[in-house]
Amino acid sequence: MTALTPGRGQAMRLAIAGRFAPLAARWKAFSATRFGSIVARTLGTNGAWIFLLLVALMFVFNFLAPGKFWTEFNVRTMAENVSVLLVIAVGETFVMATGGIDLSVGYVLLFSGVTSAQAMNWGGHDPTNSGWDIVLLGLAVALGSGLGWGVLNGLVVAKAKVPALIATLGTLGMSWGLAEILSNGQDLRYLPSIIGDMGTGRVFDKIPFVVIVAILVAVVGGVTLNLTRFGRYTLAIGSNQEAARRAGINVDRHLIKVYAMSGMLAGFAGFMSLAIFTTTTISGHANDNLQAIAAVVIGGTSLVGGVATVVGTTIGVCIPMVLFSGFTILGYQSFWRDVAVGAVLILAVYADQLRRRRRERR
Amino acid sequence: MRMRNLVMLGLAVITVGACSSSATAAPAAGKAWNLTLIQGVAGDPFYVTMACGAQAEATKEGVKLNVTGGNKWDATVQKPVIDSVTAAKPDGVMVAPDDSKALLTPLKAMSDAGIKVTFVDTKLDDTSFAVSSISTDNLAGGTLAAKTLAQLINDKGTVLVVNVDPGISTTDARVKGFTDEMKNHPNVKVLDVQYTHDDPTAATTITTSILASNPDLAGVFATNVQNAEGVATGLKQASNTTVKTIAFDAGPKQIEDLNAGIVQGLIAQDPYGIGVAGVQQTVLALNHGTTTATIQTQLAAITKDNVNDPSVQKYLYKASCS
Amino acid sequence: MAEPLLQARGIVKHYGHVEALRGCDFDVYPNEIVALVGDNGAGKSTLIKILAGSEQADEGEISLEGQRIHVGSPFEAMRLGIETVYQDLALAPDLDGSANLYLGRELMQPGILGKLGFLDNRSMRAGARKAFGELGVDLQNAQSAVANLSGGQRQSVAVARSVAWASKVVFLDEPTAALGVIQTARVLETVKRIRDRGVAAVLISHNMRQVLEVADRIEVMRLGRRVARFDAKKATIEQLVSAMTGGIAEEGAA
Chain S
1 MTALTPGRGQ
11 AMRLAIAGRF
21 APLAARWKAF
31 SATRFGSIVA
41 RTLGTNGAWI
51 FLLLVALMFV
61 FNFLAPGKFW
71 TEFNVRTMAE
81 NVSVLLVIAV
91 GETFVMATGG
101 IDLSVGYVLL
111 FSGVTSAQAM
121 NWGGHDPTNS
131 GWDIVLLGLA
141 VALGSGLGWG
151 VLNGLVVAKA
161 KVPALIATLG
171 TLGMSWGLAE
181 ILSNGQDLRY
191 LPSIIGDMGT
201 GRVFDKIPFV
211 VIVAILVAVV
221 GGVTLNLTRF
231 GRYTLAIGSN
241 QEAARRAGIN
251 VDRHLIKVYA
261 MSGMLAGFAG
271 FMSLAIFTTT
281 TISGHANDNL
291 QAIAAVVIGG
301 TSLVGGVATV
311 VGTTIGVCIP
321 MVLFSGFTIL
331 GYQSFWRDVA
341 VGAVLILAVY
351 ADQLRRRRRE
361 RR
Chain D
1 MRMRNLVMLG
11 LAVITVGACS
21 SSATAAPAAG
31 KAWNLTLIQG
41 VAGDPFYVTM
51 ACGAQAEATK
61 EGVKLNVTGG
71 NKWDATVQKP
81 VIDSVTAAKP
91 DGVMVAPDDS
101 KALLTPLKAM
111 SDAGIKVTFV
121 DTKLDDTSFA
131 VSSISTDNLA
141 GGTLAAKTLA
151 QLINDKGTVL
161 VVNVDPGIST
171 TDARVKGFTD
181 EMKNHPNVKV
191 LDVQYTHDDP
201 TAATTITTSI
211 LASNPDLAGV
221 FATNVQNAEG
231 VATGLKQASN
241 TTVKTIAFDA
251 GPKQIEDLNA
261 GIVQGLIAQD
271 PYGIGVAGVQ
281 QTVLALNHGT
291 TTATIQTQLA
301 AITKDNVNDP
311 SVQKYLYKAS
321 CS
Chain Y
1 MAEPLLQARG
11 IVKHYGHVEA
21 LRGCDFDVYP
31 NEIVALVGDN
41 GAGKSTLIKI
51 LAGSEQADEG
61 EISLEGQRIH
71 VGSPFEAMRL
81 GIETVYQDLA
91 LAPDLDGSAN
101 LYLGRELMQP
111 GILGKLGFLD
121 NRSMRAGARK
131 AFGELGVDLQ
141 NAQSAVANLS
151 GGQRQSVAVA
161 RSVAWASKVV
171 FLDEPTAALG
181 VIQTARVLET
191 VKRIRDRGVA
201 AVLISHNMRQ
211 VLEVADRIEV
221 MRLGRRVARF
231 DAKKATIEQL
241 VSAMTGGIAE
251 EGAA
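Residue numbers (the numbering used here), protein chains in the order written: chain S, 1 to 362; chain D, 1 to 322; chain Y, 1 to 254.
The following block holds chain S by itself, in its conformation from the complex (with noise of 0.2 Å):
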């Protein structure tokens, strides 16, 4: 029998708390400054588990897999493939914040990348050889696009008070319709070069425009969201939209706005995917909309409303696709991942049902 007696687990688990007591000190002492209580707040939510988790799970596949997780190939590419869902989870992340929730972000990106490049094709010229003016025709329309679905969505959640999981759903199903009716179901697959040379350039060599372009949106989230009276309103909003109401908030006003903001990103996060792929992609990001959801689910935001970090949706977009890089690696059956990442999602929901439970019971 191994079981420890009683003496010696608690004599372990002295010594453990022992050999962690300065390490702790040390972070308290931290945490009084006024960096450290910006960082300790980021983290304070959910972020402190899941950022061990995800340097853990590094840490393992590279144990796993040396010389194969953690290489600059690796990592550039896994940064590269979350760039998109990156931006549309930062959106996500807000819509959340205020208790909501946006089911259509997948297919507003795969509508607003189809107007984008039928506007870059328009009067059917190959636009191979376009310059800037067309390119930024089809970002106009791209963002266009996606604020016009965002309002929409904001519309009928907060004037109509239709449930934002209905009015989602309902405009999911609207824009992936008129995506396949204005495109006839068919790729189109003639874009500029300059959008595709987007997709492939990077940054000194080594950190991809897309990268930068996402992580830039991440920094503008979370500066909007932690430091701005909009993030303020939204999390108000989220936390008791009745307190919001009766502060003189025009929640209305606010919601739709959080929903435009949403719908926009969307439409941008198209414009991203037609420089990575080079065409519409018009039987993909089928699954955005539940990965964008759980990555920030992950990432600490509440379901209710009211917390959300814009660290931790990163975060949060990150743990599934290294979850997914390291299992493909290690040659596992692809549904393994499926299984992981699901495990991870209902862990971190499970870990804000215990912080609250903690908190009622004050």
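It is worth saying that the hints were derived from the structure and are not from the lab.
The reader is advised that the hints may include incorrect statements.
So the derived list for chain Y, only partly shown, Cβ under 7 Å to chain S, looks like this [what the hints assert, rightly or not]:
| id | residue |
| --- | --- |
| 1 | Pro74 |
| 2 | Phe75 |
| 3 | Pro93 |
| 4 | Leu103 |
| 5 | Gly104 |
| 6 | Glu106 |
| 7 | Gly117 |
| 8 | Phe118 |
| 9 | Leu119 |
Note that the structure is predicted; figures quoted are calculated from it, not measured.
Glycine included, C-beta positions come from ideal geometry on N, C-alpha and C.
We have chain S; now place chains D and Y onto it with these hints.
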């Protein structure tokens, strides 16, 4: 120090699982190359059968084979799979790309990393860097479908073609082979091609409405599985038992349908053969042998009469290898 | 006596067939604490909701400083300098005390940053510390979400918020219901301080002892009407209970 202990602990848990699943074939002769097959979509009988063929050939040649793929036919899902496989640095990869253009960048990067790339079933528009492209001769498949259907309807009557979407090279080739061959059958009239967007319910609606406007409909050619199932439902709704249906592909469900009389003919591709050829070509390239740039595999027409013939059996798609 | 600061005349409010208020009058004078008492269902909360803008009267007039006003929403009430501490604490539990105190009235960074929507959290925290300090509330961690505070601390945040923004009248609907002895004393102390700052306070309470101790004047409601008014210094608990339960037939009898 502390960190390492922590990691080791985590590893102990995970490696237990890892060991049990990686059975490796003993190398027979030559170098034990590491190969990976990236399926168009994991779990589909067509690709499962392809993997069976590849595995059998790999065992024979004494090379290691890994099989992976996205769980959906979706280029945006397949890209991270391709990138991760590249990161794993196998010696050669057989891949069925989900899009002929979207996946150029990651597959080019794979080739640039020194990995031999062979296209199986589908391929990119740009095949310049590939060892070989192995696929079904879809044109021949369409011809075979026409001949088989003509026989089933005694060479006369109106026939309908139910296709997925315009612009897909494989299904378009099937339709072309079919309509071209039907020109040799003057008593057979081919209606305009109908498109279903790969939606079985659309195929059902199309079938019932065409039956209403063309009561003399004698046969239907469905260019893929989804369409065949939709057509079968449509015929059932119209209580029609005279129209003969011929469909592409021969998965377990289609064989069941054939035996049940829901379809009268199947045009089976040879995924097993594609898998075998894929491994052969990739290993040839790794051993600096001479490879064949394009290989077109043959098809078989399966009807109720020959479904149990041993020569036809190898064309049936399997849900698992054994 | 001076002109009433806030005056309600003949307020009627129906909920379906139920008549919650049937021609109710109410007066608040400057610099006073007036307690509004009555049995459950007498219409106290309904009256407060109407005066604070979250419900609309079916009939009747409201005037502030002699001017007739229309209070169409809580926001309009706030603009008029009327604040309310609700029974169900209208706080955002996930935000910290300072964020709640300034909710809807955030302080912005000076200059371009403020135009871009950046909050001046430092000033808001300082302001919050001051406001909470006045209430004698010690929030050990001002950055902790309100949900993590005790019931009393939460109530203090809600009270502090209304007090901080009211310029004319503060309505407090059972502000001490969830509080311990010390915190109750502090909240009542704050109510007195509000009055001393020139803001009238309207206190709804079931605690007669507390009412007599704190209020300057007491108005009693019964069955949707005002039935009695007392000078708190002269009134007794027996008189109040008698008025509440119908011992005194009509207003003005006392």
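Quick rundown of the hints versus the structure:
no.: 1; hint: Pro74; result: holds (5 Å)
no.: 2; hint: Phe75; result: holds (4 Å)
no.: 3; hint: Pro93; result: holds (6 Å)
no.: 4; hint: Leu103; result: holds (4 Å)
no.: 5; hint: Gly104; result: holds (3 Å)
no.: 6; hint: Glu106; result: holds (5 Å)
no.: 7; hint: Gly117; result: holds (4 Å)
no.: 8; hint: Phe118; result: holds (5 Å)
no.: 9; hint: Leu119; result: holds (6 Å)
In the structure shown, no violation is registered for any of the earlier numbered hints.
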